[in-house]
Structures are given as structure tokens and as C-alpha cells.
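First to last, the protein sequences are chains R and S.
So for the first sequence, this note's numbering puts the first residue at 809; every next one is plus one.
So for the second sequence, this note's numbering puts the first residue at 280; every next one is plus one.
Calculated from the structure, these hints are not laboratory results.
Predicted, not measured: the structure shown is a model, and the values here were computed from it.
Even for Gly, the Cβ is constructed at its ideal location relative to N, Cα and C.
Any given hint could turn out to be false.
Claimed, not checked - Derived DEER-like restraints, expressed as beta-carbon distance ranges:
no., chain 1, residue 1, chain 2, residue 2, range
1, R, Leu999, S, Thr589, 43 to 53 Å
2, R, Lys820, S, Ser498, 51 to 61 Å
3, R, Ala1065, S, Arg425, 45 to 55 Å
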Amino acid sequence: MPIYELGYRHFKGEFKGHTHRFLTITKRGVALLFKKRRFLYLIILSFIPFVVRGVVIYIATHYPQVRLGALTLDPKFYRDFLFQQIFFVLIISLYAGSGLIANDIRYNALQIYLSKPITRFDYIAGKFGIVSFFILLVTLIPGLLLFLLRILFSDDLSFLSDIYFVPFSIIGYSFIIAVFFSVLILALSALGRSARFAGIGFLAIYFLSDVLFQILRGMFRDSNFALLSFRANMSQVGAMLFGTSPRFSPPPLASLAIVILSILLFFILLHRRIRGVEVVK
Amino acid sequence: MEEPKPPLFRIMGDGSKKMIIEVENLTIKYGELAALKGVSFATKGGAVGLLGPNGAGKSTLIKTLLGFLTPVSGSAAVLGIDSSRFPLEVRRRIGYLPEEDALIPGFTGVGFVAYAGELAGMDYRDAIERAHEILYFVGLKEARYRRVETYSSGMRQRVKLAQALVHDPELLLLDEPTIGMDPKGRKEMLDLIKDIVEKKGINVLLSSHILHDVEYVCSEVVVLNRGEVVVSGDLKELLGREEEVYEVRIRGERDGFTSLLKKRGARVYFDDEEGLFRIFMKKEWGSASIFEAARDSGVEVRHLLASKRTLEDLFVKVVEE
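Chain R with its partners taken away, still in its complex shape (with noise of 0.2 Å):
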């Protein structure tokens, strides 16, 4: 029957259950950003190392007679990879999920979604998979498509007895990493109603932490100071999941702890921050 000829019908469909709701928020989420060209062309063009890495990889493999300076094939060859890659992370982290939150209380979207049977929890798990979907999807594919790479390149996998928890820190750095930047944009989005703020606060809060640690060790001339800096930790906590020597003296169990402080204290700042009484004012 066309449209128009239709007047307003009981549904007769089934409800899905309660589950998985919170995957509807990330699935619409993903393909209206997919449907950004700007955000297509971010994504594209955080690829670019990865395929740079990909032809070092095919030269290393094919061609062991050409030097490639101090790039050798082992696991900080990868955690390099992810740890360059936070600077996409930092820009697609912004593009993302700066407005997620600010925006739905600018426009008063909390008020749409909480009075539907999800609960305040779902949102945000929504929301929070939006923006890890994405630094997944520049982390941890093309992270795990090095390794794979490598074995199809090589001759002889004997490589594999030296490497074999590659792929597994490759996951647990890109989850690391997915975990800390969604919480903390997330965290800042929920702050107010602009995306602009969350994003400046973002952006501050990575760096400033930084600059703090480089003018304390300046100061003092210790690298313990590492521990105020996320980037610091970020790599710090790299080095222990690639077994790889950290770049700073403070342990690096001891910068694992602070990025998982951290998210949790993000999560609890984001999680006061959604409540269900304010969608009726």
C-alpha cells in the first residue's frame, strides 16, 4: 500500500532485547562519520605509514643487501608503528568524539536517547565504540597487517620463534591506546556543550602533561618526571608490552598504572556526567 494511503498502524514486529543496544548507537555513529568525506580522507591518509612500513617491510624481506639505517624488523619496528601513530589517534580522536556528547547536550539529543530503554550505561558504551572503532581501525588493522605482511614477504618463518607475541602486543597496545584516548575525549565532551572546548581540553591535557614533564626533567634532570606525561606512559607502557627498552627511568608498570587510573577516573567524570534525571528539565 502507498504511503499515503497509510494512516497510523499498530506494529505488529518483534523488540529485540536489551543486550545489544548500545551497538546501535556505535553502528549510526560509524556511518554517519563514513559518510564525512573529510573524515574518509583522515582515515586514508593515516594509512600512509602504514604502507610506508609495508614497503620497508617488502625491502627488508626481498632485498637484505639495501640498508635501511637503524629500521630492523623486530618488535620495536611495530611498536614504533602504533606508537607514531597516536598522532593520527590524536586528530581522529577530535574529529570523532569531540562533539559525540557536547553536541547531543547542545541539542538536547540526551533527552531522545535516555528516554528510550537504554540505559545511561549503553550510551556511553555507545558512544565510547564510535571513537575506538576508529582507533582500532588505524591501530590495530593495519598493526596486525605488518605482521601478517612480514610472514607473507618472508621465505623462511623462523623469524616467528623470536616475534610470536608480536600480535599480541599489537592488540594490547591498540586497546590500550583505543581505551585511553576514547575515555579521555569522551570524558571532555561530556564537560559541556562544545566540541570546540573538548577539543582544545584534549589536545591540552596530552601535550601540556608532556611539556610539564620536559621542564620538570629540565629542571631537576630526572626522567622520573615521565610519569606526569601521557605520552611519556604511552610509550613507556609500548616498550613493556613489545618488551622493548622504555625510554625513561620510571618503571614501566608504574606508567601502566597511571594510564589505567586515568581512564577509570575519565570514566567516572563521563559516567556523573550522563544522568537520566536531566532529560526532563
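With chain R's structure known, arrange chain S on it following the hints.
Just chain S now, with coordinates in the frame of chain R:
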């Protein structure tokens, strides 16, 4: 985590009819401040108006019905389901139209309403099909393909109604549904709500400051003031109860006439614009008592008309008391 399954329905009151909303001795506090104090009422269905001045507790009541607030004492049941124990099940079966402009930017009308359906648990295909139907039903025909940010305020009200209806709720909570609409749009919206209630069998709780809207749509009314129910029940009965209203114009000293009527127990209001008294008095007194008061106070009655008691009259009376 899945919330436990609520009972399918509960037989209330006389055992024969399920109440749509049943609130029993409900007390809600924000810290020390009691926003609702032992509120009790029950509605059988149809369209129910929720009225009250600012700060009366209307929003708190709606929050409680949506399951966002836990009572200090008492209970609130929607469609027989305790809203504080089973908030998700309640929210699946009701639709909520917020007072404020509430949109999810980036979507077209269809995308937005379909998304709302999916959030309510509908499959994507069902949600998109129904979004088209509902948007057509609320009057957003070709506009349903436009982005919601570009909608006028009237269209925004309609799309908000559509997102509240998409999952076919049994009860609609409408918070100021005609706000920001022009008179034509407002009339269309009210007719739509009336149609939803009378022909589609969906119950409505209509919270509005526009008493005419409530009077036009609702058969029952609940009036809150300072966190308490001051009156509730069938609107026709309430308006027809106890008092008669007369519109009177006099020549002579107004004050003496007014004070004499008041002394005799009538409520008297003077409309400066019209130059008319509205006099509310007990049915058994009849219009003769107005002539008596005029004679006793030495004024001349120039115009007397038996008028209808409006919801506004009732509202003013109960809130003043």
C-alpha cells in the same frame, strides 16, 4: 545487564480495569526538599492533562514515571509496571515528547525517527519502514528527507512526536507539545493528538501550560501544586461540579457589590479588558442572588449571562486555595 522481567500487567482498583498510571502515596525528595509529597492518583486511560504552576512537581512526576527517580516512599506504576523497578520495560512501552527542542544532529527526519525506533529495540528494516509511515502520519511528508537541523519549530514538534510514536507506545508523555507552533500548526497538532487517543487507542499524559490545549484534548486532569495533587478526576465532572458561573456587567460602585458577594461566599473576578465580572457561586443560589446583591449594594445590573466554567477557572480556584 538485562533487567528482570516485570509482570505483564497488573489488575488494579476494582479488579476489572488496568490503570494506565497509578501513583500511590509517592514522595520524591531532592536532598531535604520534597518535590512530591505523598501524591496519589490513578488514571484509567485516554487523554489525561497534567497541570500545575511552575515548581508544582510536574517534571518530577514525569521523571518518576520514566523511571529516573526512586521514590522515598510510595510507588508509581505505568501500565501496571513499577517504574522505579523496571524503568527499561516502562520506557519501551511509552513514548516521550520532551518540552525542549531535542534533536540528534546529522540525521534526516527519516534517519532520526528510524534511529529512535532502533533505540527502542526495533529491527533496522522495521524502524525505517515505520519511520516513513509515522512521519507521513504527523504531516512531515516530503520534509522527512530533509536534515532535522533545517526544520522549523513546528516541524521540530512534529518530528519529536514521530520519534515518540515510532515504536507504537501504549502511553505517550507529551510535555508542552504545541510550544512554538503557530495557531494553525497548533490546531493540527492538537487534532493529531486527539486522533491518536480516540482512534488509535494510545493513552496520553499531556503536560501543558496552555489550559485550552488540555481542555481541548483531555478527558481527565491531574492538577499539582507545591508537590501535592490539588484536584484530579474526570474533566467534565470537575467543571460541572458545585459551581455556576455568571458574567455580569453593572453600573455603580464596584467595591460594595464585590465585597457583598464575597461575604455571601461567591468568588468574584473582574476582567478589566472586558469590564465584566465573572462570578462563581453555588448552583442552588441561582442568578436571583446576584440581583439581590446588586439591590443591596445599590448598583444596577446591565448585563447577566450564565457562562461556562473553564479549565482556567478550575485551575485558578484550586491553585489559589
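For the hint 45 to 55 Å, verify it against the beta carbon of Ala1065 of chain R and that of Arg425 of chain S. holds (51 Å)
At the C-beta level, are Lys820 of chain R and Ser498 of chain S separated by a distance inside 51 to 61 Å? Given range 51 to 61 Å: violated, Cβ gap about 28 Å.
Hint check for Thr589 of chain S and Leu999 of chain R - Cβ pair distance inside 43 to 53 Å: Holds - the Cβ-Cβ distance for Leu999 of chain R and Thr589 of chain S, about 47 Å, lies within 43 to 53 Å.
Taken one by one, the earlier hints fail for this structure only at number 2.
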